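Work the whole structure out from these sequences, hints included.
According to the UniProt record's numbering, the residues represented by the sequence shown are 1 to 433, in order.
If you are wondering where the hints come from, they were derived from the structure by calculation, not from laboratory data.
Only a predicted model underlies this, so the values are computations on that prediction, with no experimental measurement involved.
Each residue gets a CB set at the ideal place from its N, CA and C atoms; glycine is no exception.
You may find that some hints are simply not true.
[Claimed, not checked] With a straight-line Cα cutoff of 25 Å, these simulated DSS-like cross-link-like pairs (lysine-lysine) come out: (1) Lys-84 / Lys-107; (2) Lys-20 / Lys-107; (3) Lys-20 / Lys-5; (4) Lys-92 / Lys-103.
[Claimed, not checked] Taking CB as the label site, the calculated pair distances span: (5) Leu-165 / Asn-52: 47 to 53 Å; (6) Gly-333 / Gly-129: 16 to 22 Å; (7) Ala-245 / Asp-283: 27 to 33 Å.
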Amino acid sequence: MARIKLTNGRVGDFACPPDKLQAFLWDTEVWWLAVRAQPGGTKTYVFQARFNGSDVRVKIGDVRAWNLDDARAEARRMQTLIDKGIDPRDEKRERIAAAESKKADAKRLDMLVGDAWDAYIKHHERRWGERHLADHRRLSQTGGEPWKRGKRVTVQGVLYPLLQLKMREVTATALHDWQVEEVKTRANNARQGFELFRAFWRWCASRPEYADVVDLTTVENRDVRAEVPRRKTKRFDVLERAHLASWFAAVRGLSNPVIGAYLQGLLLTGCRREELAELKWSDVDFRWGSMWVKDKVEADGRKIPLTPYLRSLISALPRRNAWVFSSPTAADGRIMEPRIPHNRALAVAGLDHVTLHGLRRTFASLAEWVEMPTGVVAQIMGHKPNATAERHYINRPLELLAVWHTKYESWILEQAGIEQPGQDAGERLKVVG
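Below is the structure:
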């Protein structure tokens, strides 16, 4: 084992012989320090000593990065660890791990809310419905993008300002100020945005990569929640019996008959908005008076009656493509935003605001006027059955559903002052080229 007092010159001149894989030049000043040379010119300072009866060798670093005095000091430090019964290899691993942990902590502290939000969306997008996913994207959008139609541009989403913050900057004060500002111009979006953000923040708190920088109490803060507008009670998001004549007159007077038929269909079937919007001609059976609609409870969907008046509405629609409620201007070929014409119809009728989902609630509410059994209402609407008997024994045939459903439709038309259609209201499809 060659030993010599190391100098910068000797370290620089030392090289690995061509017939060896490595060579060592040991220092006489610090007994445990050596320069290791390898083929190709790589040279490193190493520490070697005995620990618990075995040789321990630890790399100190490249000679280009370490000067000789620092390498000697590091070798002495490692020997003091051995004198204390500490393996310098373990100590080095712990130092590296601590440094990596500190680096990761710093990275987490600088992490943007928007990055975590993107991960949240990616994690859930396959499980969420189309509408729910669209709400998340709409409320977090940058804004300023041109609309598909017209000269308008999209509006910045209510959540966008929060997504620009660092995770550690999301405090109760920040949420309070954000909510106060957004409520001034778009109260409903502010409420919905807070609800979506709270669910997202709770998810972050459950994830190990975010838990250390998420303060879950911020979304539960009393002062923050006090600024969130209350959701309009569902009790008022329905049409009453006295509203029917005005509502039907306004909806039937819309310039777009497809939208008019769709809105009436929501009230007459109790379907969810996307269930009816995604109805295809292949789902409608005019011969047997039925139609298949998508269902979030049953994977195969559900079959419901095609009542006489609804049959007449659908059969009068143009058959432009596969969709019953088609749109020649929409990218997907079907109606996408019937909410706006519905709001116009409500204004014409002089009625308070009712959402599209409120029309579904209206079906359940007004069905009581004809004493429709609760189980029939649930089966038509696609609700999960509640009682054990409903879940396991009762599966009503379409004919029985049609008896009650037709009775309901007939009563609705009577209240609206609309002439009852004949039972043989036929299929009158218009193919549009």
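Status of each hint after checking the structure:
1. Lys-84 / Lys-107: 35 Å, violated
2. Lys-20 / Lys-107: 44 Å, violated
3. Lys-20 / Lys-5: 23 Å, holds
4. Lys-92 / Lys-103: Satisfied, since the Cα-Cα distance of roughly 16 Å is no more than 25 Å.
5. Leu-165 / Asn-52: 47 to 53 Å: 52 Å Cβ-Cβ, so the 47 to 53 Å window holds.
6. Gly-333 / Gly-129: 16 to 22 Å: 20 Å, holds
7. Ala-245 / Asp-283: 27 to 33 Å: Since Ala-245 and Asp-283 have Cβ atoms about 31 Å apart, the given range 27 to 33 Å holds.
Violation of the numbered hints given earlier is confined to hints 1, 2; the remaining hints are satisfied by the structure.
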